[in-house]
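Participant: Chain by chain, the residues run as shown.
Number of protein chains: 2
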Amino acid sequence: MLSEFDLIKKYFVRARPVRAALGIGDDCALLAPSPGMQLAISSDMLVEGRHFLPGADPRKLGHKCLAVNLSDLAAMGAKPVAFTLALALPASDERWLEPFAQGLFELADQYDCELIGGDTTKGPLTINITVFGELAPGHALRRAAARPGDDVWISGTLGDARLALAGYWGEQRLSAADQEAAAVRMHEPQPRVALGMALASGEGAVEGATLARAALDISDGLVGDIAHILKASGVGATLDVDALPAGPVLARQPLALRREFTAAGGDDYELCFTAPRAHREAVLEAARRTGTPVTRVGTIDAAPGLRWTDAAGAPLALALAGFDHFSAG
Amino acid sequence: MLSEFDLIKKYFVRARPVRAALGIGDDCALLAPSPGMQLAISSDMLVEGRHFLPGADPRKLGHKCLAVNLSDLAAMGAKPVAFTLALALPASDERWLEPFAQGLFELADQYDCELIGGDTTKGPLTINITVFGELAPGHALRRAAARPGDDVWISGTLGDARLALAGYWGEQRLSAADQEAAAVRMHEPQPRVALGMALASGEGAVEGATLARAALDISDGLVGDIAHILKASGVGATLDVDALPAGPVLARQPLALRREFTAAGGDDYELCFTAPRAHREAVLEAARRTGTPVTRVGTIDAAPGLRWTDAAGAPLALALAGFDHFSAG
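Residue numbers (this note's numbering), protein chains in the order written: chain A, 1 to 329; chain B, 1 to 329.
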């Protein structure tokens, strides 16, 4: 069995650090942000049996635990720079560590995001990544920034991750091919980093410093997550439930299920953002430039609360709730 | 039972953030280091049953999980600025959360160190703090910086935390008063932040930019931890085992136990540092100024390896090993 120090050396120490002044192997890592830039910092903890099933593919898990953190940077519009990894493992099992590190670093390298430190210990499988991004002051996409009249946009598609979970649980019957296709969204989310950075940039903006105003990433279901924007901004919203972009597998399911899983799924890791109406074309251009589909799904209102309509614009009463890590499961 | 959001709001959101541009409640926290300063970053994960006993006093645990991270900043010479907290809890138990938050924030406030974000989830009790400190470039106390001829110093005293553990395990018989006194060192370590900052400052330095050269914090036992300095610096050391400063309870134990627990205890959270001989008086002055006892225990040698002597200077063969989180326990 590998010792703690051998484990760190073998799987997590790579070439000489480039960006960090001092990386793994001292009491602290040293990180100097580019002059004048703010650091955006986010931390997500994934627990076996809670965020992933026992026996989950370690390579996909390595991808996902970094992806959900990068998704938080994307929601702020920050450029990924570095991350720390704290890992509790039942045993230092190389058959698990090797593919885990592979999945982790494949995604990290895609964004030139450097592992600069962390901790490993024995314990129930728990993965905690803290990620660091850079952002110019005044360019953060904050939850409190939505304004009445803003368009509400969604990146990519929603609901396939939730559908895959329904398949695993036996709530829904899916063909093997559909289950596999939907499961990719559950296990290998792609953080919308390029889109987030474009939305936080001034490119194409005519009102304010950024293209989008408020943004967040949808991790616990749109209905629960957008409530954070509405509350922080002191506004409401009217959304067309039938405009919500369903994932390709979910799109072939009955209407009621499409509505439920797009509006209140979970594990989507898409961006929900608001932008001035005057930025409509510029948002579409940013989406084209970054190769990220976006869909306009509603409008921010001055009146508090979330209102739903159907495709015909008729009011609709949806009984949906977001995911809460203590009350659910 | 409190929901995840209510829990965060009730126990972890405090007054408006002062230092962070944006604190808890958005996708990321925003942190702007002082102009020209580097960030020192460290992350430690504490797991129930591994780093603390089931049923451990939550207030002391709140203190300790931040203290061990601040100790890493101290070992680098950095000034504490902020931290994130990721917490997996079996249930959102307010009788646990309230004292935990109290112990955590009492220590945080002592160093004006701000909680800027994190994550809470359901799972086996696991606490992961990532801490941020500031440091002027060129002033970090690095493990690789020791040089032959340097004095080796230890802050405070060693071994009482290990003695408390021996008492709990029944390895040693201690009076109730001794057990209690030793246990304070185990449960409520005091990070040597002021001393670390003084050692990293240029005040009193005549050789180089800093008062000390190499430093680390002793968490897994001196013998194992100093090996990291020796290896990183490509040097060796000769230490007087009888010069090692024993904790007040351990000091009344037999010689063999004193030697074992000062040299290879664990959970000490004292600093081990090296400094040029020419800085001897200035180190003592920094210790007085910061109210931190320091003891000179040996010398860095050019020849690799760690050599022990007794108080008379006679060579001594000690069979001791540091603590490894995967091979032990």
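If you're looking for bench data, these hints aren't it; they were derived computationally from the structure.
Even glycine gets a Cβ: it sits at the ideal position worked out from N, Cα and C.
You may find that some hints are simply not true.
[Stated by the list, open to error] Facing chain A, according to a computed beta carbon distance under 7 Å, are these residues of chain B, among others:
no., residue
1, D26
2, L39
3, M45
4, R143
5, R147
6, Y168
7, R259
[Stated by the list, open to error] Negatives, chain B to chain A, calculated, CB over 12 Å:
no., residue
8, C28
9, E48
10, R59
11, T121
12, L165
13, E203
14, A205
15, A232
16, A256
17, R280
18, T309
Participant: Each of the hints needs a verdict: does it hold here or not?
Facilitator: Now the hints, each set against the structure:
1. Taken as an interface hint, D26 (chain B) checks out: its beta carbon lies about 5 Å from the nearest beta carbon of chain A, inside 7 Å.
2. A cut of 7 Å between beta carbons decides the hint on L39 (chain B): the least distance to chain A is about 5 Å, and the hint holds.
3. Interface restraint check: M45 (chain B) against chain A, minimum CB-CB distance 4 Å, threshold 7 Å, status holds.
4. The beta carbon of R143 (chain B) is positioned within 7 Å of a beta carbon in chain A (closest approach about 5 Å), and the interface hint is therefore held.
5. Below 7 Å, beta-carbon pairs count as interface contacts, and R147 (chain B) has none with chain A, the closest being about 17 Å; its hint is therefore violated.
6. A distance limit of 7 Å between C-beta atoms decides the matter here; for Y168 (chain B) the minimum to chain A is near 19 Å, and the interface restraint is violated.
7. For R259 (chain B), the suggested interface contact is broken, since its CB lies about 24 Å from the closest CB of chain A, more than 7 Å.
8. Not every beta carbon of chain A lies more than 12 Å from that of C28 (chain B), the smallest distance being close to 4 Å; the non-interface claim is violated.
9. The claim that E48 (chain B) lies off the interface is violated: its Cβ sits roughly 8 Å from the closest Cβ of chain A, which falls inside the 12 Å cut-off.
10. Even its closest Cβ contact with chain A, about 22 Å, leaves R59 (chain B) beyond 12 Å, as expected for a residue assigned away from the interface.
11. The Cβ of T121 (chain B) sits about 5 Å from the closest Cβ of chain A, inside the 12 Å cut-off, so the non-interface label is violated.
12. Consistency note on L165 (chain B): stated as away from chain A, and its beta-carbon is indeed over 12 Å from all of that chain's, at 17 Å minimum.
13. Every CB of chain A is more than 12 Å from the CB of E203 (chain B) (nearest about 21 Å), matching its label as outside the interface.
14. Non-interface status of A205 (chain B) relative to chain A is upheld: no Cβ of that chain comes within 12 Å, the nearest being about 20 Å off.
15. In this structure A232 (chain B) is not separated from chain A by more than 12 Å, as the shortest Cβ-Cβ distance comes to only about 7 Å.
16. Distance check for A256 (chain B) against chain A: the nearest CB is about 27 Å away, which clears 12 Å, and the non-interface claim stands.
17. Every CB of chain A lies more than 12 Å from the CB of R280 (chain B), the least distance being 24 Å, so the non-interface label holds.
18. With a minimum CB-CB distance of about 27 Å to chain A, T309 (chain B) clears the 12 Å threshold, and the non-interface call stands.
Of the hints listed earlier, those the structure fails to meet are numbers 5, 6, 7, 8, 9, 11, 15, in rising order.
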